[in-house]
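K.L.:
Sequence:
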Amino acid sequence: MENSDTNEASGTPRIDIVTGKASLATNVQFRFGTRTIQATGSAADRCHPNVLLLRIEQTFVQYAIQFLFQVLSTVTGSWIESKFPEWFLPERIVLKFQKLNWEEEFDNELIAYHKLQPIQGLTIPKLFGITQYNNTRALILSDIGGYCVATPEGAVLDEQDMRPLTYHAFKSLHDLGVSHGDAKLDNFHLVTDDGKDKIMIVDLESADYEQTEEELAYTAKTKTNFVMRQYHNHLECMKHDCVLLPKRPLRA
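Quick note on our numbering: the sequence shown kicks off at 1 and runs consecutively.
Wrong hints could be hidden among the right ones.
Simulated pairs of lysine-lysine, BS3-like, Cα-Cα distance not exceeding 25 Å [said to hold, decoys possible]:
(1) LYS221 / LYS171
(2) LYS221 / LYS196
(3) LYS126 / LYS115
(4) LYS126 / LYS196
(5) LYS171 / LYS115
(6) LYS83 / LYS115
(7) LYS247 / LYS196
(8) LYS126 / LYS99
(9) LYS221 / LYS115
(10) LYS239 / LYS171
(11) LYS196 / LYS171
(12) LYS126 / LYS83
(13) LYS99 / LYS115
Each pair of labels, with its calculated beta carbon distance range [stated by the list, open to error]:
(14) HIS168 / GLU236: 23 to 31 Å
(15) GLN70 / GLY195: 22 to 30 Å
(16) LYS221 / ASN134: 40 to 48 Å
(17) TYR147 / GLU91: 38 to 46 Å
(18) ILE111 / ASN134: 19 to 27 Å
(19) GLY195 / ASN101: 40 to 48 Å
(20) LYS115 / VAL71: 16 to 24 Å
(21) GLN38 / GLU214: 17 to 25 Å
(22) GLU215 / ARG251: 28 to 36 Å
(23) ASN225 / GLN38: 41 to 49 Å
(24) GLN62 / SER82: 14 to 22 Å
(25) GLN211 / GLU91: 36 to 44 Å
(26) LYS115 / THR40: 28 to 36 Å
Quick caveat, the hints were computed from the structure, so don't treat them as lab data.
Glycine included, every Cβ here is placed at the ideal spot set by N, Cα and C.
Based on the provided sequences and hints, a complete structural model is requested.
P.N.:
Structure representation (structure tokens):
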């Protein structure tokens, strides 16, 4: 995603209220390992046409094969899943395909996912693998659910509750030597997992791996402050536009 963190004239964070339902449902088909995936879905929102939210449609034979692999995994453990991830996909996935002339950014995001493997599915989406879609490389990711913080539904926490969740998300990346490079609100999702709220981070195309431990500790705080300034402005904008939803208690 293009970096547009600040308003160049004022130096203040630029806020865009992201709205969904950007496109009609479409049929998608691609090959992943030994399996042909057929799915239906649409773009995540109007700002991210290269991110498709998909629901996999399976034939009876595919259900049977998937069940067989799941049975085998009880004997072999995670080994068989690592060899045949295509048969362990959840029903809902995200397909993020490379933007035109964004080869370096795609490669960089792939590096980030490998470096952040311990927190895949916890702080960032899980990466299942890479495929080709419309002659373009694409990441197959887990659907983290929740709501984008740049939407009214994702901005239902008070600022004092939002801050520690945001800091924890940044610190989770920094503990593994990765700094997120595109701290816009639409790259953060409010997710409830096992009854507890957390922030999950998406879009690692601009991730940075060159910072020292001291620099990462500092940027965890400064990036949190930057996101919280955006969040404050976002709440004010939604209040002015009469789309602000009632706040709810933090689920902890």
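K.L.:
State for each hint whether it applies.
P.N.:
Verification of the supplied hints:
1. LYS221 / LYS171: With a Cα-Cα distance of about 9 Å, the restraint between LYS221 and LYS171 holds, given a limit of 25 Å.
2. LYS221 / LYS196: holds (23 Å)
3. LYS126 / LYS115: Distance ~12 Å between LYS126 and LYS115 Cα, so the pair holds.
4. LYS126 / LYS196: Status holds; Cα separation ~19 Å.
5. LYS171 / LYS115: holds (14 Å)
6. LYS83 / LYS115: With a Cα-Cα distance of about 20 Å, the restraint between LYS83 and LYS115 holds, given a limit of 25 Å.
7. LYS247 / LYS196: holds (16 Å)
8. LYS126 / LYS99: Answer holds: LYS126 to LYS99 is near 20 Å, not above 25 Å.
9. LYS221 / LYS115: holds (21 Å)
10. LYS239 / LYS171: violated (30 Å)
11. LYS196 / LYS171: With a Cα-Cα distance of about 18 Å, the restraint between LYS196 and LYS171 holds, given a limit of 25 Å.
12. LYS126 / LYS83: Holds - the C-alpha atoms of LYS83 and LYS126 are around 16 Å apart, at most 25 Å.
13. LYS99 / LYS115: holds (22 Å)
14. HIS168 / GLU236: 23 to 31 Å: Given about 25 Å between the Cβ atoms, the range holds.
15. GLN70 / GLY195: 22 to 30 Å: Taking Cβ atoms as reference, GLN70 and GLY195 lie about 26 Å apart, which means the hint holds.
16. LYS221 / ASN134: 40 to 48 Å: Hint holds: Cβ distance 41 Å, inside 40 to 48 Å.
17. TYR147 / GLU91: 38 to 46 Å: violated (20 Å)
18. ILE111 / ASN134: 19 to 27 Å: holds (23 Å)
19. GLY195 / ASN101: 40 to 48 Å: Cβ of GLY195 to Cβ of ASN101: about 43 Å, so the range 40 to 48 Å holds.
20. LYS115 / VAL71: 16 to 24 Å: Because 33 Å falls outside the window, the suggested range is violated.
21. GLN38 / GLU214: 17 to 25 Å: violated (49 Å)
22. GLU215 / ARG251: 28 to 36 Å: For ARG251 against GLU215, whose Cβ atoms are near 33 Å apart, the range 28 to 36 Å holds.
23. ASN225 / GLN38: 41 to 49 Å: holds (45 Å)
24. GLN62 / SER82: 14 to 22 Å: For GLN62 and SER82 the Cβ distance comes to about 20 Å; the hint holds.
25. GLN211 / GLU91: 36 to 44 Å: Roughly 38 Å apart at Cβ, these two residues keep to the hinted range, so it holds.
26. LYS115 / THR40: 28 to 36 Å: About 33 Å separates the Cβ atoms of LYS115 and THR40, which means 28 to 36 Å holds.
The structure shown violates the earlier hints numbered 10, 17, 20, 21.
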